[in-house]
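At position 50 of the sequence shown (counting the first as 1) the number is 50 in UniProt numbering, and the numbers step up by one without a gap.
Worth flagging that the hints you see were computed from the coordinates, not collected in a lab. A hint or two may mislead.
[To be verified] Okay, derived cross-link-like pairs now, SDA-like style, lysine to any residue, Cα gap no bigger than 25 Å in a straight line: (1) K673 to Y694; (2) K534 to Q649; (3) K317 to T297.
Just so you know, these numbers come straight off a predicted model, no measurement behind them.
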Amino acid sequence: MSQIYWKILIIRFFQTFLEGFAAVLSQSQAKLIADVPGVVHVVPNRILNLHTTRSWDFLQVKPQIVDGILSEGHSGLGTIIGVMDTGIWPESESFRDDGMGKFPSRWKGICQEGNRFNRSHCNRKIIGARWYIKGYEAEFGKLSPSDGVEFLSPRDAVGHGTHTSSTASGAEVKNANFRGLAQGIARGGAPSSWLAIYKVCWATGGCSSADLLAAIDDAIFDGVDIISASLGSPPPLSTYVDDALAIGSFHAVARGISVVCSAGNTGPYPQTVINTAPWVMTVAASTIDRDFPAVITLGNNQTVVGQSFYTGRGLNKFHPIVYGADIAATNIDGTSAGSCDLETLNATLARGKVILCFQSRWQRSAAIASKSVLELKGAGVIFAQFPTKDVSCPWSFPCVQVDFEAGTSLLTYMAASRKPVVKFSFSKTVIGQQLAPEIAYFSSRGPSSLSPSVLKPDIAAPGVDILASWSPAASSKLLNSPQTKASPFNFKLDSGTSMACPHISGIVALLKGIHPKWSPAAIKSALVTTASMKDEYGQNTVAEGAPHKQADPFDYGGGNVDPNKALDPGLIYDIKPSDYVCFLYAMGYNSTAIRLMTRVHTPCHKSVKFLRNLNLPSITLPELKQRMTVSRTVTNVGPVNSIYVARIQAPAGIDVSVEPWILTFNSTTKKLKFKVTFCSQLKVQGRYSFGNLYWEDGIHVVRIPVVVRIVINNHLYSET
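My request is simple: use the sequences and hints to build the entire structure.
What follows is the structure, encoded as structure tokens:
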């Protein structure tokens, strides 16, 4: 072994849950080490991606407990949220420690110093901060802070980590706004929680899985209660025994630490959801009832309304408007110029004009169109695209986002006018005129491509145009223009499942503060079984897409989170860590690899039946042939003497029965098992169909989603 190891750069020995280390290896060295007796598994390093205030009011998280409503003012007290991200900007008002108590004696974390970050930057709010770069540098080479792009410390140069940390646990900040928009009081969901920061992601690249595993290892040792990770890798997904986040989160959950992850931003396409391990909470993104309308006034005095973040100069006058395809540069096709792709427009014809651009299959970004027009000294951009609430126009250049219908009406006006002109109004903030919540277009969708019997995502939370704290260091890197004098800002509107994830992390802190003995599975069950399928007007939630449609469990899991109902769920579906081990065996993984990952020896059978009988707060049957029975066990956490009656909303084409259909709990009976039998009525090709199973006692409505796909003659039929 010495002949192998002496050339290896070891970058990390794990202290908490793995007998192993992270090291820099060539492919040949990795193969040699894999064959050494005693070495069970070699897992390659992967680079993960980040998934980038009104929301808490929209979720009805109130300032104090009144009649059982969750408290914001003292919520999350006694809990520690560990954030795996790009670091933190400690001077932000969101992280002041007024009223915060001394951190608990169980806390073992440190305040690791570095570039522009010392121990004084930790306080009674930020009680720990670490940074990890060895895995990143092993992949990409040395990172130098001299260019001002990054800080070799927990300090955030990107803004993403500051945003997610303040969303989960930020203190109340009055008069928060983004360049005058979304003005009001900003706060996190659990402002009395402590924050522990683990910087694993860097401005110049992504996040090393080796660094992430090291950070989770430290977070477990330090004593966090919740891990919030707004990051991940797109499909193809690594197996659970090879995935750093799945491995680390398993050990965290086994120690009672809830792990909350983003679902990914590659929607609305099916099978794109990531972070699909059954022991983590996977969060989809939804909208809130706030928008930022901007009016486009035409030369004939008609108006078109779009959305924009622009509040700068140069708006109060008319400019000529042209369609990008009509001013294509030499040897550029009309499609590329029509979407205003980079270097596709004639510089002379674009100068001083507003350019109308249409999203295309190859150029989908309003930011790219704005950059293209800005470089040619154009006056502004109108970007026509599929309908969505997410504002993707940059804030620092006149850009208004409209849908295709509005864009087409502008083309009609331009064709009918000899000298078409337009002017923009300033964007403004409007609350209560948007139907919400809707599932965001970008939010990744199920089913899981790795374990289709596990419903993912689990839950949806606000993730579109969310106002939260930001790193001033990141401001100078954003798009600048003559119309807007760039100045550092401390708050920013941002969208992504990255923004949805810390909303759930904050809510988990609320629940854990009130129910400290609940397991991670119990907390997830409380969130999923009380989630809402309706918008604020009682209509079925819509999922943005092509076209928009009624949302289903592959869009939002159990539904849109309802924090107040989750406080008192009535029944919970709990899971022991040993059940997750048996799940891994049922997945067909090598027993040696499972033992290395889990560090436990659990006698399990490699039965596929266990996949459908894992006690999740959902039932997903991706291969129903004719008849199939699944079992679940519920634990009563409501009134001691309770009687629950089953109600079924059966998936289309499926007969469903429940046995027993009445559950009676008392002082000696706190857990009960039931079975659900599914029978297919269809004799033809099947698709996924959706339903719900309810348990009701007159006070509580405990709902789990049911998802079924029919298999005929042992062949799987997809929906395509």
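Exercise. Could you tell me which of the hints above the structure violates, numbers in ascending order?
Key: Hint check: nothing fails, all pass.
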